[in-house]
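Colleague: The residues making up each chain are set out below.
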Amino acid sequence: MKIPKTLKEMPLTPLSLPTIGSMGKTGTWRTFRPIIDYSKCTKCTLCWIYCPDAAITRRDDDSPEIDYEYCKGCGICANECPVKAIAMKREEE
Amino acid sequence: MVTIKDLPKEEYLLKGHAACAGCGPSIALRLLFKALGNKVIMVVPACCTTVIQGPYPLTCFAVPLQNMLFEATGATASGIVAALRIKGLEDITVVGWAGDGGTVDIGIQALSGAAERGTNFIYICYDNEAYGNTGLQRSGATPYGAWTTTTPKGKKERKKDMPFIMAAHRIPYVATACPSYPIDLINKLRKAREIKGTKYIHILTPCPTGWRYDTSKTIEIGRLAVQTGVWALYEIENGRFKLNPPSDRLVDKTKRKPVKEYLSMQERFRHLTDADIEKIQKWVDEDWEFYRTLTTLERCI
Amino acid sequence: MAQIVIDTANHIAGYAAKAARVKVVAAYPITPQTTVVEKIAEFVENGEMDAEYIRVESEHSAMAACIGAAAAGVRTFTATSAHGLALMHEALHWASGARLPIVMVVVNRAMGAPWSIWPDFSDSLSQRDTGWIQFYCADNQEVFDTIIQAYRLCEDERVFLPAMVCLEGFILSHTYMPVKIHDQEEIDAFLPPYKSGWTLDVNNPLTHANLVSPDWYMEFRYMIQEAMENAKRLIPEIDKEYGKRFGFQYGGLIEKYRCEDAELVICTMGTMGAEAKIAVDNLRREGLKVGVARVRVFRPFPVEEIRKLAEQTRMITTIDRHISFGMEGFLATEVKASIYHMKNKPLVAGFIAGLGGRDVTFKTIESIAKKSMKWLEKGRVEKETEWVDLKE
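Chains as they are written, first to last, in our numbering: chain A, 36 to 128; chain B, 29 to 329; chain C, 177 to 568.
Hints in this document: simulated from the structure, not taken from any laboratory. Worth double-checking, as some hints may not be accurate.
Claimed, not checked - Computed, partial: chain B to chain C, Cβ under 8 Å:
1. Q81
2. P83
3. E99
4. P274
As the list claims (entries may be wrong) - Derived DEER-like restraints, expressed as beta-carbon distance ranges:
5. B:G163 <-> A:Y73: 39 to 47 Å
6. A:P39 <-> B:G163: 30 to 38 Å
7. C:W563 <-> B:K224: 54 to 62 Å
8. C:F501 <-> B:D302: 44 to 52 Å
9. B:G146 <-> C:N222: 39 to 47 Å
10. B:K219 <-> C:Y352: 51 to 59 Å
11. B:P200 <-> A:D96: 36 to 44 Å
All residues carry an ideal CB built from backbone N, CA and C; glycine is no exception.
Using the sequences plus the hints, can you model the full thing?
Modeller: Following this line, the structure appears as C-alpha cells:
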C-alpha cells in the first residue's frame, strides 16, 4: 500500500500507513533543546526509556542519540538523567 | 530479572506522533510494545490515543489498530478474540487501550461484559484523570479536589476505584502501574500475556497539559504519586492482593512522603486548602490500612 | 440434501446463519428477536454450527463485537429488534463506514414510549441513513433465502457494506411455515468463503479509521454511495442466479404482482405486500385494475424500478407501516421523489397503517385501494396522508 492521492488510489475505508512523522516534523514544536554531554553520560539508558516521543535512540554502545527532527523538547530526559548529563537550552541560543 | 537494557530497541510507536510534549500515555505505549512486541492487535476507543496516531493516511502505530467507538472497547475485543480463535491465531495478543473516561465512565459496561465473559485479552486503562483530548473535562477517575474545565472549583467527589471494580469480576489478573516504574509495568504486561482470560492493568499516566505542570516532570510526578501513596503499585492475581516494590515498603506510614509534595507540584490542585490536603492525606492513609489488611488475606475479593 | 422444515421465521433465520457458515454471532436478547439467537445458541452448543457465540451485555456491544470479528476476518451475524436496534445506532454507522459485510436480522417491532412488542417498521426505517442495505421479507422462505443472498451481496468487492434483513415481529417471527432449507453444498457453491475489503493483520499493520480531515472525508462517503449503487445493480442479478439454483426468486428490488395493466399500484413493504396480493385478486374479480409492488429493498431505494412502474400506471398508493413524524411515511416520500422528474406523473397517495402491530388485512388493503380509485376518478388525491382505521 502506498499513500493515496486520487479517489481511485484511496482504500475503501480509512486504512493508514505506519510512518515516522505521522504528525510531521514534530521537532519544530520545540522551545528547549536537550543537549547531551557525552563526557558525563553513563549510558544508563533511562533517557531512552522515558522519552514519550521515541526520539532518543540507543546506540550499539547504549549511549543515547537525540533525533532533533522529532524531539518535542519536553525535557523529561534532562529531568531524569541521574548524572545531569543533559542540559535544556533555549532554541534561539 | 529484566533490566532496561534488556528491552528491545524496536519501536512500534513511531516518532513524530501527535501527542503533547511530555505525554505520560505515550511513555506507557512505548513500554507496552517493549513488553509485548508487535504480535499485537490493538483496539482504541475515542481517547488521547486517537489523536496521538496522527491523521489519515498516516499513523504512528506499527501494529494493527482498530479505532472504535468510545464505549465499545471491551465488546470489540471480544469480537476480535473470537475471530482469532476461529482462525487459529491465538498467539496474537489483543490489547484494549482506553483512557480513563472510556474505561471508568462510558466504557465500563462493555468492559464489564467482556470481563464477565472471560474474553482473553489485556485491557489497559491509561489514566490521566480527565477527558484529555476533548479539553480536560472531569471523569469518574478525576481525583477529589482537582481542577478540570467542568470542575473549575475542584472536583467534589472521590476517584472511582476501578481496579477493585475489575477485581470484583473475579478475573485472573488485575494490576496497577505507572510509567515512572518501567520494569514493573513491563513485568506486569508480560505476566498478563501469559495468563488466559481477562487481564486488567490500570496505569496512572501523568498529563502535563491536564495536570498543569512542566512537561519535564511527568516521570517525577508519577514517582511522587507512588512515593506518597496516592497511587499504589499492586497486583491482584486470582484474588490475591500483593503490593509491588516500591509500594510494598510503604505500608508503614512513616515511609510515605506527605501527599502535599505530590499535590503542590500540580496547578490543578493549586486552590486546595490545608483542610482539603488534610482530608486527602486521611483518605490515602485509610487506603493503606485497607491495603495492609488485604495483604493478609488469601483472597481480597 | 435439501429439506423441508416447518418452523418460525426466527428459527429459519437461525438455520440461514448456520447454512451461511457464520463464524461469530454476537447477540443480546430482545422480544421478538429472542428465538433467533436461542436457535443459534442451540446449534452452536450441540456442535451443528462451528461458530463462536458471544453473549454480549447489550446490543451496542453486539454490533461492536460483530465489527471486531468482521475486521479480524470472519463472517458475522447478529439479530435484534426495536430499542436494541436504536441502541446500536452509532455502531451501525461505524460498521458501514468500516465497510464490513455484517448481516443482521431485524425483527421489526414498534418503538416506545409506550412499550409495544408488536411490529411496525419504525425501528429499521429510523436507521435509513446509516449506510446499511435494507431488505424486507414477506414470508419465512424469503427470510432464509434473503439472508444467504445478503451475505453474497455484502461480500462482493463492489459492495462491502453491511445489510439488515427485516421481518415483522410475530407476523413472521413466531409464525410457522414450511421452508425449504437448500442443500448445503449448493449453498456453499453459491456463497464462497468470507471476503472483506480489509483485515486486522499483524503482518500488514495498518491503523483503521483514525482521524480523517475534510480533505478526505467526502471521498469515503462517496465510495459508500457508489457501493449502494452497485448493490442496486447486483441485487437483481444475485436474486436471478439464486432463483436458477434454488427455485426461489423475489423480483430483485421490487416484487411486482399483476402490475402490467394496473391503473392503480399498491406500493408497500413486508407482509403487507403478501396480504395485498389477496386484496388485488379480490379487486380484480370486481373488475378493478389493481396491482402490487412490494418494495423488497428499501436501501438502496429502487428509484428506476419505481419510475418504470409509474410510466405504466395512473396512480401509486403507498401503505407505510411507519410514520416520519411531521412529514409522512418514508415510502410515500421516496416514491414521490423517484418520479419527480417525470413528465406525466401518476397520482400518489400515502396511507399509514398497521402501526404498533395493528392488523392490516386484505380487507384493509381493499378499502385503501377503493378509496384510491375514487380519488383517481376525480383526478386528485383528497388527502395526501391518510391514517387507516383510526378511532374517531
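Colleague: Hints first: check each against the structure and report whether it holds.
Modeller: Cross-check of the supplied hints:
Taking 8 Å as the C-beta cut-off, the interface hint given for Q81 of chain B holds, the closest approach to chain C being about 5 Å. The interface hint given for P83 of chain B holds, since its Cβ lies 4 Å from the closest Cβ of chain C, which is under the 8 Å cut-off. Given the 8 Å rule on beta carbons, the hint for E99 of chain B holds: about 7 Å separates it from the nearest Cβ of chain C. Using the Cβ-Cβ criterion of 8 Å, the hint placing P274 of chain B at the interface with chain C is not satisfied: the shortest such distance is roughly 35 Å.
Taken as a hint, the range 39 to 47 Å holds for the pair G163 of chain B and Y73 of chain A, whose Cβ atoms sit roughly 41 Å apart. A hinted range of 30 to 38 Å holds for the C-beta pair P39 of chain A and G163 of chain B, which are about 32 Å apart. Under the hint 54 to 62 Å, the C-beta atoms of W563 of chain C and K224 of chain B, about 58 Å apart, fit the expected range. F501 of chain C and D302 of chain B have their C-beta atoms about 58 Å apart, which leaves the hinted 44 to 52 Å range violated.
Taking 39 to 47 Å as the suggested C-beta distance range, the pair G146 of chain B and N222 of chain C does not conform, at roughly 22 Å. For K219 of chain B paired with Y352 of chain C, a C-beta distance near 54 Å keeps the hint of 51 to 59 Å intact. The given range of 36 to 44 Å is respected by P200 of chain B and D96 of chain A, whose C-beta atoms sit roughly 41 Å from each other.
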